[in-house]
Amino acid sequence: MSDILVTASGLSKRFKIYEKPSGRLAEWASMGRVMRHRDFWALRDFSFDVRRGQCIGIIGANGAGKSTLLRILSGTLAASSGSFNINGRLLSLLELGTGFNPNLTGRLNVLHTAELLGYSPAYAREKEQQIEAFADLGEFFDLPLRMYSSGMQVRLGFSMFAALDPEILVVDEALAVGDASFQRKCYRHMEQMVQDKSRAVLLVAHDMISIQKLCSHVIWLDHGRVKLAGEPKPVVEAYMKFMFTGQGPEATSTVIKAGAVLPLPPGEGGGEGQAAHELSAARNTTPAAPHPNPLPEGEGTRKTIPPSGVLQRSTAALTYAGHAAEIVAAWVEDHTGRVTPSASVDQPLTICYAVRFKSPIAHPVFGVRVSTIRGEVLVATNTLMMDHQVASYTAGEVAIVSWPVKPGLAVDEYFITCGISTVESPYEFLVREVDGYRFAVEGRSRSGALCSIVESPVITEGERAS
Amino acid sequence: MGALWNVLHPLAMIAIYTLVFSSIMTPRLEGHPGRFAFIIYLCSGIIPWTAFADCVSRGCGALVLNAGYLRKLPIPEPVFVAQEAVAAFATAVISFLLLLVFAVCVGLPPTWTWLLLPVPLIALLSLGFAIGMLLSTLNVFFRDIQQWVGIALQITMWTAPIVYAAAILPPAYQALLRWHPLLPSINSVRLLMDGNLPAAWEWAMMFGWPIVVGAMALAVSRRLSDEIRDVI
Numbered sequence: 000m001s002d003i004l005v006t007a008s009g010l011s012k013r014f015k016i017y018e019k020p021s022g023r024l025a026e027w028a029s030m031g032r033v034m035r036h037r038d039f040w041a042l043r044d045f046s047f048d049v050r051r052g053q054c055i056g057i058i059g060a061n062g063a064g065k066s067t068l069l070r071i072l073s074g075t076l077a078a079s080s081g082s083f084n085i086n087g088r089l090l091s092l093l094e095l096g097t098g099f100n101p102n103l104t105g106r107l108n109v110l111h112t113a114e115l116l117g118y119s120p121a122y123a124r125e126k127e128q129q130i131e132a133f134a135d136l137g138e139f140f141d142l143p144l145r146m147y148s149s150g151m152q153v154r155l156g157f158s159m160f161a162a163l164d165p166e167i168l169v170v171d172e173a174l175a176v177g178d179a180s181f182q183r184k185c186y187r188h189m190e191q192m193v194q195d196k197s198r199a200v201l202l203v204a205h206d207m208i209s210i211q212k213l214c215s216h217v218i219w220l221d222h223g224r225v226k227l228a229g230e231p232k233p234v235v236e237a238y239m240k241f242m243f244t245g246q247g248p249e250a251t252s253t254v255i256k257a258g259a260v261l262p263l264p265p266g267e268g269g270g271e272g273q274a275a276h277e278l279s280a281a282r283n284t285t286p287a288a289p290h291p292n293p294l295p296e297g298e299g300t301r302k303t304i305p306p307s308g309v310l311q312r313s314t315a316a317l318t319y320a321g322h323a324a325e326i327v328a329a330w331v332e333d334h335t336g337r338v339t340p341s342a343s344v345d346q347p348l349t350i351c352y353a354v355r356f357k358s359p360i361a362h363p364v365f366g367v368r369v370s371t372i373r374g375e376v377l378v379a380t381n382t383l384m385m386d387h388q389v390a391s392y393t394a395g396e397v398a399i400v401s402w403p404v405k406p407g408l409a410v411d412e413y414f415i416t417c418g419i420s421t422v423e424s425p426y427e428f429l430v431r432e433v434d435g436y437r438f439a440v441e442g443r444s445r446s447g448a449l450c451s452i453v454e455s456p457v458i459t460e461g462e463r464a465s
Numbered sequence: 000m001g002a003l004w005n006v007l008h009p010l011a012m013i014a015i016y017t018l019v020f021s022s023i024m025t026p027r028l029e030g031h032p033g034r035f036a037f038i039i040y041l042c043s044g045i046i047p048w049t050a051f052a053d054c055v056s057r058g059c060g061a062l063v064l065n066a067g068y069l070r071k072l073p074i075p076e077p078v079f080v081a082q083e084a085v086a087a088f089a090t091a092v093i094s095f096l097l098l099l100v101f102a103v104c105v106g107l108p109p110t111w112t113w114l115l116l117p118v119p120l121i122a123l124l125s126l127g128f129a130i131g132m133l134l135s136t137l138n139v140f141f142r143d144i145q146q147w148v149g150i151a152l153q154i155t156m157w158t159a160p161i162v163y164a165a166a167i168l169p170p171a172y173q174a175l176l177r178w179h180p181l182l183p184s185i186n187s188v189r190l191l192m193d194g195n196l197p198a199a200w201e202w203a204m205m206f207g208w209p210i211v212v213g214a215m216a217l218a219v220s221r222r223l224s225d226e227i228r229d230v231i
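Chains as they are written, first to last, in numbering that gives the first Met the number 0: chain A, 0 to 465; chain B, 0 to 231.
Keep in mind the hints are simulated off the structure, nothing from the lab.
No residue lacks a Cβ here, since even glycine has one placed at the ideal position from N, Cα and C.
Check each hint, because a few of them may be wrong.
[Stated by the list, open to error] Selected chain B positions facing chain A (in silico; Cβ < 10 Å):
1. Tyr68
2. Leu69
3. Arg70
4. Lys71
5. Leu72
6. Ile74
7. Arg142
8. Asp143
9. Asp225
10. Asp229
Next comes chain B alone, as it looks inside the complex (with noise of 0.2 Å):
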């Protein structure tokens, strides 16, 4: 079926937490009155959450598996990660457009700011490009990286409010949060949904994350992509 898959995912997503979260459990989210107010909250979280961490584990493990290109013809290394990034892109703007038409159909009125929603994601895989840059290099001289990446992405996602309100977090912790590298994204693709405009800081810390890491990754992979090919 191929390419259909890219279409029947996101569509089950949404049909099952429909289910689950309009009729067998209905949590409120304080100031977003309706039904399948929580459901669009959680789908915004979990598309782009799911689109990073694709991009990470997948991207964290491109280069060993790729290691039958690498070993044989000239590529650079970037474009097997890369390769995840795009189609951890393509999958989270699919699955937003399927999101936005359930929107409508719920009642939610489309806005303007609904255009922007690929910057904030752009902004996501860029840092997920980045760190699966880092981590696909160094999985390469230490293969388990790629087991302790599973379990690391867990961890981050639950000390996010990814699948739940921040409301429910203590204050100290949610001023805490600002620093969480991915949660300026998927605020921001929030507020976007709610046709409201991301703050300046976040704005800035939304580039500035895959600019640091990035230049981490460029200094790494500078310094070891001659071992690389050595070793794969």
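Next comes chain A alone, as it looks inside the complex (with noise of 0.2 Å):
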């Protein structure tokens, strides 16, 4: 007995978009020499094995390729690339109802799409009573299916499919119609199906809770790629944050590329930027372009942006760009000045920025926030509610902010938000990027508090009182 049930190895799968169906006509009678459609790809590239005894949660935003890849496993879609295996039988209870006839009573529809799934309808009617039991539909067993409500079907299928003992057993979001008694019933039969290392479950659902509570391992999808898979608590919390960061619709993760380097002439911009909690910005007037080489660091007022790589890129990292300005890249120097993805506790640490203005800006308000990976807010400040001018830039001039940060962040994982805006409208981003970066505080093991901002305390003998 294989210990691996399911096996996909770079599964895609594009769909043909036709605009019009005449296209569709066109490309046939040319024999495909006029191409019509554009592709589409609902699934990139996705692995994954799955072994006995795992539940595995699929998450994701609506449109993210989680059903297209249920689909794939479950036969009713063909992958465009990429091959799966699936050791054992698999029944997938996709969407609503599964395809169930209307006009068939409930009873007739259990044998018939029993039979349509190739069982035999022996082995059907043993099942009967049970699938009856669990449905406990009452009097509606025995009704036609077009009375039923969205509810009554999923009970219906889900209690055939779980009869039907498959080896893999897929639920597509079909719970959530399910009332809360019957949707506890489902997640303990699948706790029971996965309990005794014989069977697995796939699962997508949007309550993450649940998602939390039954899955051994949870995938997080994203426009068709695995944006992050393992264990549920952190996927489950990492895409909870990505959900509820900012309102934009635009969500872009640019990578920049490592180890491009801007070069910033010396010079200009020079009262700024020695003091603690002060600014400090190079400037360039002429168009940056990548330089092949990195210039030596240290000169005074002039700062060279590390490659990135060294910096995570945080993939919850929602951008509103503008056409203004735009945030080449961010980094956490330590208190030696040394760009590092961790910082010491009980070290300061410098977070740093560039950006880059594309067109004229007078006076931008350069502003920072730090949260943690459950969103709550350590920092977050900006150049005008600390009183601190700033100069004008012009396009193509690159600006590095740096922003000294006290010791006092406890150990934890931080995600870095950028924003720039103007005096006239601090609120109006010309650019942002929330949570764009991340970076750890790391040292003894963290407390849960949010910082530490207390030292090591004195203790003294009290007198005793009398």
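Mind assembling these two chains? They're in different frames, but the hints should get you there.
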């Protein structure tokens, strides 16, 4: 008995989108010389193994490719490339109703569908009692399906597939319409299925609490690709964070090419940027072009943008990009000025980001925010709040903004949000990257507190009160 | 009433034709004396034709109609078209049983060739299944096909001597009719009803057509079966 029930490697699904049906006709008639479709990749290069005893949760926004994946595995959709192998019987309860016939009674639908799925009528009849009991539909079991509520249809569908006892059960969002007690019953059943390590469950749900409770692994799909996969808690937390940060429709995660370095000529912006809590900005009067060799560091007011790679770019980045400016990179420096993805808890650190202006901006306002993975905000400030007057910039200039941070951030993972606005409307961002970059603060074990601003206690002998 | 309709419909058809063609209109059929000869001729053409037409028109819509199953269950597409072909065959068998009872009642002597009647019916519905497969696959992509099928079926019916005698057609056209895909089966049904055996070329044509169209349907559905699930 093999331990692996499902293996998929490099699964991709491409849909051809035609503007008009005649486009397809034109392609057929021309034997492929005319192209009238565009490709839509619903799933890209998906690989995983499902072992006995695993319950794998698949999460992601609508249209992320979850159902496409499950449909490919259930054999109702052909993959465009890649391969998968299913070792055992897989049944999938896809969406509502699972193709029941509305004119047949619940009982007949069970027998009919079981037969369509290739079960012998004798086996289906043998399971009939069990299905009726699990579905608990009362007299509705012998009434036509068109009289069922959507919840009742799901009860019938799940009961049927549970009773047919597949090695792999695929459940796609369907349970959401069942009532609370039936949902519990289903989840209990799935728990039992995986408990004895002989079967597996693939579950798509938007109910993150159930996903965390039930699943041993969670895969987060985004635009057809795996964004994050692993233990349920961190994946679900990252997903929730992603879903609830910002309200902009445009979510991009453009990755800056590692090693792209912008040269910054010296001399300008001199007066600023020495003292702590002040801004250091390097200025560039000519349009910056990528330079093959990084310039030497530490020349007074000139700063070099480190190759990205050093600081983990967040997978949860949400960018509101205007046309006036762009954030080129962000990074963290430790107390020695070294660029690092993780700073020490006892030492000050500096958060830096580089902004390139694409059009002239008079007196921009630079802002920064630091928050935890759970969304708690620890730093939120900008140059306006700090009464820090910023010079004006012309198109093509690059400013590097450095924010010294006193020691005090607790041991944890943090997200950096960078935002640039103007003095006239400080809350209208020229560019804003929400949770664009991550860094960690490391040190002795974390306490769960948001900050560590208490120093080592002083313990003295007390006098006994008399 | 369910299954009873499968008996009532053909019964009503025979009753109506009997009423119309034995008392109101009385067309004569060459070489077939008797009041009821034309009715038997007509029914033995109409029953296979209806089975074929049902099989094609319902088969053509079968995939779209069963989109719900196709989207959610890994069932091969031909199952749904085959369902329609089998249903049409069952209806035709019931109708023929009634027709044979009627024939005996009006004095036609039973012959052993009646036992061969299912053979041309199977050939005809194999062709119906093949055409249904072809059209239903295309119909998934171009849903108007279903509408055109209705018109095409009407034309096919009236170009062949199904409700009229072949003798009324000009001889040149009669020679052309040899290639009509439905006629070998329908003619064979009539020959078997009269106690005659169809000629060798008729047997060959009867099964040649389904094989040719079936091969086409297979090629098309192989090519498109992946995409059917994408768009349905």
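To see whether the hints hold, each was checked on the structure:
1. Tyr68: 4 Å, holds
2. Leu69: 7 Å, holds
3. Arg70: Status holds, d = 6 Å.
4. Lys71: At 4 Å from the nearest chain A Cβ, B:Lys71 passes the 10 Å test, so the hint holds.
5. Leu72: This interface hint holds because 5 Å falls under the 10 Å limit.
6. Ile74: 5 Å, holds
7. Arg142: 8 Å, holds
8. Asp143: 9 Å, holds
9. Asp225: Cβ of B:Asp225 sits 4 Å from chain A, so the hint holds.
10. Asp229: 6 Å, holds
In terms of the numbered hints stated before, the structure departs from none.
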